[in-house]
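Participant: Here's the letter readout for the chains.
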Amino acid sequence: MEPPNLYPVKLYVYDLSKGLARRLSPIMLGEGAGGGREGAGTAGRGKQLEGIWHTSIVVHKDEFFFGSGGISSCPPGGTLLGPPDSVVDVGSTEVTEELFLEYLSSLGESLFRSEAYNLFEHNCNTFTNEVAQFLTGRKIPSYITDLPSEILSTPFGQALRPLLDSIQIQPPGGSPVGRPNGQS
Amino acid sequence: MAENGESSGPPRPSRGPAAAQGPASAPAEPKIIKVTVKTPKEKEEFAVPENSSVQQFKEAISKRFKSQTDQLVLIFAGKILKDQDTLIQHGIHDGLTVHLVIKSQNRPQGQSTQPSNAAGTNTTSASTPRSNSTSISTNSNPFGLGSLGGLAGLSSLGLSSTNFSELQNQMQQQLLSSPEMMIQIMENPFVQSMLSNPDLMRQLIMANPQMQQLIQRNPEISHLLNNPDIMRQTLEIARNPAMMQEMMRNQDLALSNLESIPGGYNALRRMYTDIQEPMLNAAQEQFGGNPFASVGSSSSSGEGTQPSRTENRDPLPNPWAPPPATQSSATTSTTTSSGSGSGSSSNSATGNTVAAANYVASIFSTPGMQSLLQQITENPQLIQNMLSAPYMRSMMQSLSQNPDLAAQMMLNSPVFTANPQLQEQMRPQLPAFLQQMQNPDTLSAMSNPRAMQALMQIQQGLQTLATEAPGLIPSFTPGVGVGVLGTAIGPVGPVTPIGPIGPIVPFTPIGPIGPIGPTGPAGPGSTGSGGPPGPTVSSSTPNETTSPTSESGPNQQFIQQMVQALAGANPPQLPNPEVRFQQQLEQLNAMGFLNREANLQALIATGGDINAAIERLLGSQPS
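Chains as they are written, first to last, in the numbering used here: chain X, 3 to 186; chain P, 93 to 715.
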């Protein structure tokens, strides 16, 4: 029997702050529970965030991500964010493109509707994590998924939570993933 | 979330089965393991023997998820589980999660039973708006299309969509499919404020490239757009979706009436092909084409076959509660277009259209008026509702601010094409008439059914008198009264509801003026001195709409005096247009338009738009 095709699955990681988080987080975030991540050069007493991570899954030569506009797709690196800051290899999957799109449509109607977006609880990384597990069985690196809780554990995060909650991120450049036969 | 991938570690090479995937412990008696099956929508736990095959697993799943086994696609650790594999092969142990995708039978559908419910509603709700949107957007009022498009565009503005046009389409369709949503959006104060800004709406409409093409082909439309009063009316009407539907119903009925006129059918068709079709096409491209395209083409082939039925005598359920402004808007558009074009010398198509459309007035006046009067007397609420509708007020206000427009509309009826003299005489009386309408006393009196009944009786008496003893009523040719009323009553523009009622009410205080009845309405219903005579007279003599009028001088003067007396009783409620347009008047003067009166009228008609006013002036001068 022919071996089923394996499609590589990659995780594109973008730093939305473009380096600012790394620079300013120690100062802004105040006292952190665990101190700096890397430890090196943590001049301030604050917590160190390496970045504000936005992730997307790249498979079948398409990039898929979740934002306030629902699940969207674009050519890899095709959002306004440009090329990713780092790429993580998640693994390989046998799931075909067709099956994957069906799965995504189903997700888009159930768990990842556009109105379900929440910057802290149910964001792009939640989606990426879910999809990665579906495709390969693996999760995405924990420093990405732990980011909201990191922020919320600081007084800064707590204070600004109402404001941050209302933020919705939708990198422009993608098109919604709808029914396989096209839009409504 | 249950762990699924962690224990499987790095993904094995593609050969799913084969050597030691997971721990090779294959106990003699099959252990029952609990495996969680996770779909995009739900999650279920299954207890299966450890050494079962994927096929057996699928069978258990299919029962729970109510699908067929060949619709199920199981994925674990990135691998698609084939039927002949076993769970152990893939390392599926107790407590792990397997992913499931349920395919539907016909692939294009994408999803199957459970997910297809949501999908089905999506597609059906997407397809039904097509029919709804087409019906809603085939508004005789050209701006209905624009405002709808603008609205949908507005609502989608608030969304941060990566794909604007697609989202806009979706929003439009969803919007149009759900009247509740429409209502909600209409009630949004932001939307309302946007709608009330005619300039903004005009810009929105102009921004549509198809509309721009349309405007280039039919310059009258640009004049329509430039007329703020019409825009305002349109927006008011568009604000109320129920109103729009009523309007469309009325329009359909009016058009069907129109068909039965000899020659009317052709005029109708011409009207459609010239104006409506391109607009429908333009605005409905998004909605999937003009549903009436085929209708039009088929009707053009059957040009000779006129609809044989006689005019539709069924009265509209409530011909006046939602103002039959459909016909009015149809006539408004055509009338204003002809008006803004150049007096009566506009192109023959629109001229004929006007004539044809205005035939509707007189025809409508017959059966419609009867039922209308009936309803008026039976249902005082009717009048009150009608009058208290916000758009009515705005219509009246805009009319009163724009007497020239009202004059145009009223006077472009077939009656007056035969008698331009009468036109001129009626023209100055319009403002007074319109001011009357604003009088709250008028409105309250109109809603008094007994008053209306009394007026009608008087009118009938007068009519009898006119036929029995014509000498008594000095040369009041019924034609005049009829003609005037035919137009005043006929749904000529927004004057429609005002027509008979206007005359009726002011009649009340003018008791002794009764005998003037039939001609009273000659003062275009403004004096109302002949109000009640109006409706029944017109209804009884609809065929005399074009009877020659030979009013004697003294009669006309008398009427004018009455009009002025009445007008004087009601203090003008508007800021003096002269003051408003002071600057524009000066500009026109400087340009060489020395006729101050004409300038003023032109400015009033165009709401202060100098360019449009100049066009009006230029158009009217040669005549």
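Since the hints were made in silico from the structure, they are not lab data. Beta carbons: idealized from backbone N, C-alpha and C, even for Gly. Hints are not guaranteed to be accurate.
[What the hints assert, rightly or not] Sample of chain X residues with no beta-carbon within 10 Å of chain P, all distances over it, derived:
no.: 1; residue: 11
no.: 2; residue: 12
no.: 3; residue: 54
no.: 4; residue: 93
no.: 5; residue: 104
no.: 6; residue: 157
[Unchecked claim] Straight-line distance between alpha carbons at most 30 Å, and here's what the computed DSSO-like set of lysine-lysine pairs gives:
no.: 7; chain 1: X; residue 1: 141; chain 2: P; residue 2: 133
no.: 8; chain 1: X; residue 1: 20; chain 2: X; residue 2: 63
no.: 9; chain 1: X; residue 1: 63; chain 2: P; residue 2: 195
no.: 10; chain 1: P; residue 1: 123; chain 2: X; residue 2: 12
no.: 11; chain 1: P; residue 1: 133; chain 2: P; residue 2: 195
no.: 12; chain 1: P; residue 1: 123; chain 2: P; residue 2: 174
no.: 13; chain 1: X; residue 1: 12; chain 2: P; residue 2: 174
no.: 14; chain 1: P; residue 1: 123; chain 2: X; residue 2: 63
no.: 15; chain 1: P; residue 1: 195; chain 2: X; residue 2: 141
Participant: Run every hint past the structure and note whether it holds.
Facilitator: Hint check results:
1. Not every CB of chain P is more than 10 Å from the CB of residue 11(X) (nearest about 7 Å), against its label as outside the interface.
2. Distance check for residue 12(X) against chain P: the nearest CB is about 13 Å away, which clears 10 Å, and the non-interface claim stands.
3. With a minimum CB-CB distance of about 18 Å to chain P, residue 54(X) clears the 10 Å threshold, and the non-interface call stands.
4. The Cβ of residue 93(X) sits about 5 Å from the closest Cβ of chain P, inside the 10 Å cut-off, so the non-interface label is violated.
5. At the 10 Å boundary, the C-beta of residue 104(X) falls inside the reach of chain P, the nearest C-beta of that chain being 6 Å off.
6. No Cβ of chain P approaches the Cβ of residue 157(X) within 10 Å, the least distance being about 29 Å, so the stated non-interface status holds.
7. Distance hint between residue 141(X) and residue 133(P) is fulfilled; the C-alpha atoms sit about 19 Å from each other, no more than 30 Å.
8. A C-alpha spacing of about 25 Å is found between residue 20(X) and residue 63(X), which places the hinted pair at or below 30 Å, so the restraint holds.
9. With a CA separation close to 23 Å, the supplied pair residue 63(X) and residue 195(P) stays within the 30 Å bound.
10. For the hint pairing residue 123(P) with residue 12(X), the CA-to-CA distance comes to about 36 Å; that exceeds 30 Å, so the pair is violated.
11. Restraint check for residue 133(P) and residue 195(P): satisfied, since their Cα atoms lie roughly 13 Å apart, inside the 30 Å limit.
12. A threshold of 30 Å between alpha carbons decides the hint, and for residue 123(P) with residue 174(P) the separation of about 21 Å falls inside it, so the pair holds.
13. Between residue 12(X) and residue 174(P) the CA atoms are separated by roughly 25 Å; this keeps the pair inside 30 Å, and the hint holds.
14. Between residue 123(P) and residue 63(X) the CA atoms are separated by roughly 41 Å; this puts the pair beyond 30 Å, and the hint is violated.
15. Restraint check: the Cα-Cα separation between residue 195(P) and residue 141(X) comes to about 25 Å, which is no more than 30 Å; the hinted pair holds.
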